[in-house]
Amino acid sequence: MANSKLKRRLNRGSFHQLTSDPALLIGVVLILASLVLFIVYPLYSAMKLSLSQDGAFSLSQYKYIFTHSYYRKSIMNSIMLGASVATLATFIGFIFAYAIAKGKIKGSGFFQSMAILPIISPPFMFALSVILLFGRNGLITAKLLHLDTGGVYGLKGLIIVQVITMYPIAYMTLVGILQGIDPDLETCAMNLGAKRLKTFFTVTLPLALPGIFASWLLVFVGSLTDFGNPIIIGGEFDVLSVRAYLEFTGMGNLPRGAALAMLLLIPTVGVFFIQKYIIKNKAYVTITGKSSRRGSTSVTNGAKTGLFVFALGVSLFVLMFYVTIISGSFIKLWGVDWSLTLRHFVYAWDVGLTTLKNTLVLATISTPITAVLGMVIAFIVVRKSFAGKQILDFLSMLSYAIPGTAVGIGYILAFNKAPFKLSGTAFILIAVYVFRNVPIGVQGGIAALKQISGDIEESSTNLGASTAYTFRKITLPLVRPAFFAGATFAFVRSMTAISAIIFLVSARWNHLTVLILAQTEIMRLGAASVLSFALIVVIMAFIFIIMKLTGLKQSQIFGTTN
Amino acid sequence: MEQKKNKDYLVLKDITKIFSDGRGNDVTAVDNISLTIKKGDFVTLLGPSGCGKTTTLRMVAGFELQTAGDISLGDKLINDIAPFDRNMPMVFQSYALFPHLTIFENIAYGLKIRKLSKEVIKNDVAMVSQMVNLVGLENRYPGELSGGQQQRVALARALVLKPEIILFDEPLSNLDAKLRIQTRTEIKRVQQMMGITALYVTHDQSEALSMSDQIVIMNRGEIAQVGTPEEIYDHPNSSFVADFIGNANFIDATVSEIGSDSITVTVQGKTLTVKKTDEVFSEGEEVSLAIKPEAVDVSIEPTGFTGKLDVSSFLGSITEYKIEFENSFITAVHSNTTGYTMKHYKMGEEVNINFNKEFFRIYKK
Ligand SMILES: Nc1ncnc2c1ncn2[C@@H]1O[C@H](COP(=O)(O)OP(=O)(O)O)[C@@H](O)[C@H]1O
Ligand SMILES: [Mg+2]
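Top to bottom, those sequences are chains A and B.
Going by this note's numbering, the first sequence opens with residue 1, and the numbers climb by one from there.
Going by this note's numbering, the second sequence opens with residue 563, and the numbers climb by one from there.
It is worth saying that the hints were derived from the structure and are not from the lab.
One or more hints might be untrue.
Claimed, not checked - Stretch-level coverage of chain B by chain A, calculated; a stretch enters the list once three of its residues show a Cβ under 8 Å from a Cβ in chain A:
| id | segment |
| --- | --- |
| 1 | 569-581 |
| 2 | 652-663 |
Claimed, not checked - Below, simulated SDA-like cross-link-like pairs (lysine to any residue); rule was C-alpha separation at most 20 Å, straight line:
| id | chain 1 | residue 1 | chain 2 | residue 2 |
| --- | --- | --- | --- | --- |
| 3 | B | K832 | B | F867 |
| 4 | A | K195 | B | D647 |
| 5 | B | K919 | B | K905 |
| 6 | A | K304 | B | H662 |
| 7 | A | K198 | B | H662 |
| 8 | A | K198 | B | H896 |
| 9 | A | K195 | B | K674 |
| 10 | A | K198 | B | D583 |
| 11 | B | K677 | A | F200 |
| 12 | B | K677 | A | L197 |
| 13 | A | K195 | B | E667 |
| 14 | A | K450 | A | F386 |
| 15 | B | K677 | A | K304 |
| 16 | B | K680 | A | T202 |
| 17 | B | K870 | B | E912 |
| 18 | A | K195 | B | A644 |
| 19 | A | K198 | B | S679 |
| 20 | B | K838 | B | K926 |
Every residue gets a Cβ at the ideal spot worked out from N, C-alpha and C, and that includes glycine.
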């Protein structure tokens, strides 16, 4: 502690290191410039538009929004949806994580995959599936229960799909926290006389509380900024992200659309700050000393069975949606004609092949750029000190906090005129992918690099290795998992993007998710299913290839980034 | 209280613990051990890492269920009693302090579970804090305490329950050497003052020797020897114990003659007579002689035994010599306080070895 403080003081931000290292100087300037251009400037453009009337500063858009019940309603809806989904998803994610981390239930490998699957799926796959199962011609509602209902559209349907989409976020946040709670603590509580339930409520739960809080906030923001699900099954239930999109593109009311998108920015940036500056510091310091690390007996076999059944139930429920999508690809006319057919494939081939290719091309180009940029920024942030380093760190993480809708609107406004006329090009899409996904790479890289203390590198150099050799033999192997994790996430997120890119696609450069959305809107559910299925297959193939080529395990890729 | 002393208190009978991972890889961590602990005694399980000490302790505490055997406490079988009903507080190697609770709340945890009144809790915590020297730290969190202080909180949290028995699992292994010695006297003092029975696990022989009434030496899940520190130190019953507890030197020898209460052996062509033990030897058998470093000295005068000096370490009051003897290395200790400081030998030089022959013990190879 004292040592690192001292180091920090010695290094504290002079320009010296920058001026004496021209390569670093040029690198930092270039990166900062691109972050400003592709993150700050679009945001500024959208904000400026939302705050001006006839060229002058004005709050009129916001005033209008808050004085009309129509808009107030969508704000309230978004908050209500977000709160419900956050609560439910955190609850499910917690039980899931508890079952795996503390219950050590059988089949945890399978359950872990089930918690990752929704993360690598197209954004509204579940919504599509829910329509097939519970919609007007839904398999369960109409065929099995003979209900004549359109009830799945709206709040209920949205809660279901968002909870399934986002319980993995809660799971990923909580599983690490629960694993980090030393089993000795639970064993000790019981040793001091606390029964199992008492142990859970006085030790395990309080220690997980910061994680539960973090998970709730993350899911809340995830729900708020989700665009794919609400646009498909939101129905009459209006939410902010969809309202902003419709206002901006549908009605052509650019300032109001921008203002609505800016409203989304408030909670996301708020949560970003809470995450970065409050929760991180609040997390309980682990006590020094060797833990026996033996499983505690705090979970009885009965409870284990209960946890197993719960996890299995959730997993099967999730799997059902995938089975539905696959079935939907082969069924002639869902709900009407159940005979098998390949015609959706033929049709999807016709309308979707070019788009699939383009989507893949853009994701493949942007992925390595994102991963390398992320690692370079992480390296600079961790290993170099110079004035303004905090700004670099902050900017590179900030884009994580900007909702996709705001990014999309910002990009249109910023890049539709000289000197940065980019709209309609492939470049603008690549830029969105790179700068929206770079925070994941940075975060993973920072975490990995921090594990390697400078001492290891120094001792290697001290033993006579050149800097390049040290980097190749010591640093690189240690950051490799984080690098490929960052790359995988960048690829997956590029392939499944929608909320920002829906503003930016063009006839020449369309995105598969946008195409699926269009097919769903015209009720070509079979084709939408085929295309969703194809997207999942491509993503899984990519992950499979990455794992084969690098020898990394699933847990290494999905465990390092969160 | 007094008449209860010397009564059998904690009894382990034929205890075995087998861990199986369900894939046929069974580990026998504890192998059919029996042990009786008397009320008020300080008993130490001592042995190398992995020999089953912690597993034994955890079975006593109820965290682990024995595969076979019975555990009873004061005549009552406790096999089926849940860990939270056993009232045998344990001091963990990791201390296991609750990081989200203050020191006061940590110490009061067990009392609160027992639903004692606020008054009582406050008094008891204050008393124990006083006893282990934690006064003034009650409102801090464990993360804000030094290692030694954390260790004392763990101790206080157990003591405050006024238990009849306390379990310790290497409680001092995370402290630095000086603090370790200081704390072990403190633990011993409190244990005697409160008349608590203690079952204490360590792999540190000096800790065991200095604190215990009885030492139980364990090796590979079995008990190798039980005895007072003096018994074990002076009469190790196997070469394992001799090595573990006294860092003994081992010398190869051959039995040449067996007498009524002594055995004559040959080393370097010279004969030595050693005391008979319970083990049975035959003439011509290859054996090991064990002797502690303290019973080996170097000498200027010829002694009949010579070796080649490897390293000498001057440690102030003593000098330690590592000497190559009979194809292996032995350690000799010369005391610099009683006589003169030994002359300075060079590496590889031939030195005379002076064995204090009555300290030789004979063991099977
Ligand atoms: N939960 C467990 N599963 C499998 N093997 C275990 C488990 N706990 C301990 N062991 C094994 O049992 C043996 C004894 O361990 P332990 O009691 O911790 O020894 P000690 O405390 O003396 O170092 C070791 O070989 C250890 O690997
Ligand atoms: Mg142990």
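Evaluation of the provided hints:
Restraint check on the segment 569-581 of chain B versus chain A: 0 residues with Cβ-Cβ distances below 8 Å, three needed, restraint violated. With 10 residues carrying a beta carbon less than 8 Å from a beta carbon of chain A, the segment 652-663 of chain B meets the three-residue requirement, and the given coverage holds. At roughly 9 Å between alpha-carbon atoms, K832 of chain B and F867 of chain B fall within 20 Å of each other, so this suggested pair holds. At most 20 Å may separate the alpha-carbon atoms for a hinted pair to count; K195 of chain A and D647 of chain B meet this at roughly 9 Å.
With a CA separation close to 23 Å, the supplied pair K919 of chain B and K905 of chain B exceeds the 20 Å bound. Proposed proximity of K304 of chain A and H662 of chain B is contradicted: the alpha carbons are some 26 Å apart, above 20 Å. This hinted pair checks out: K198 of chain A and H662 of chain B have alpha carbons roughly 15 Å apart, not beyond 20 Å. A distance of roughly 60 Å separates the Cα atoms of K198 of chain A and H896 of chain B; the hinted pair therefore is violated under the 20 Å criterion.
For the hint linking K195 of chain A to K674 of chain B, the alpha-carbon distance of about 13 Å falls within 20 Å, and the restraint holds. Between the alpha carbons of K198 of chain A and D583 of chain B the distance comes to roughly 29 Å, so the proposed pair goes past 20 Å and is violated. About 18 Å separates the Cα atoms of K677 of chain B and F200 of chain A, which keeps this hinted pair within 20 Å; it holds. With a CA separation close to 16 Å, the supplied pair K677 of chain B and L197 of chain A stays within the 20 Å bound.
The hinted pair formed by K195 of chain A and E667 of chain B meets the criterion: a straight-line CA distance of about 18 Å does not exceed 20 Å. Taking the CA atoms of K450 of chain A and F386 of chain A, the gap is about 18 Å. The hint holds against a cut of 20 Å. As the CA atoms of K677 of chain B and K304 of chain A are separated by approximately 29 Å, the hinted pair breaks the 20 Å bound. For the proposed pair K680 of chain B and T202 of chain A, the alpha carbon gap of about 18 Å is at most 20 Å, so the pair holds.
Note on K870 of chain B and E912 of chain B: the hinted pairing holds, with a Cα-Cα distance of about 5 Å set against a maximum of 20 Å. The straight-line distance between the Cα atoms of K195 of chain A and A644 of chain B is roughly 9 Å, inside the 20 Å bound, and the hint therefore holds. For a cut-off of 20 Å, the pair hint linking K198 of chain A to S679 of chain B stands: about 18 Å separates their Cα positions. Restraint check for K838 of chain B and K926 of chain B: satisfied, since their Cα atoms lie roughly 12 Å apart, inside the 20 Å limit.
This entry does not satisfy hints 1, 5, 6, 8, 10 and 15, going by the numbered hints stated previously.
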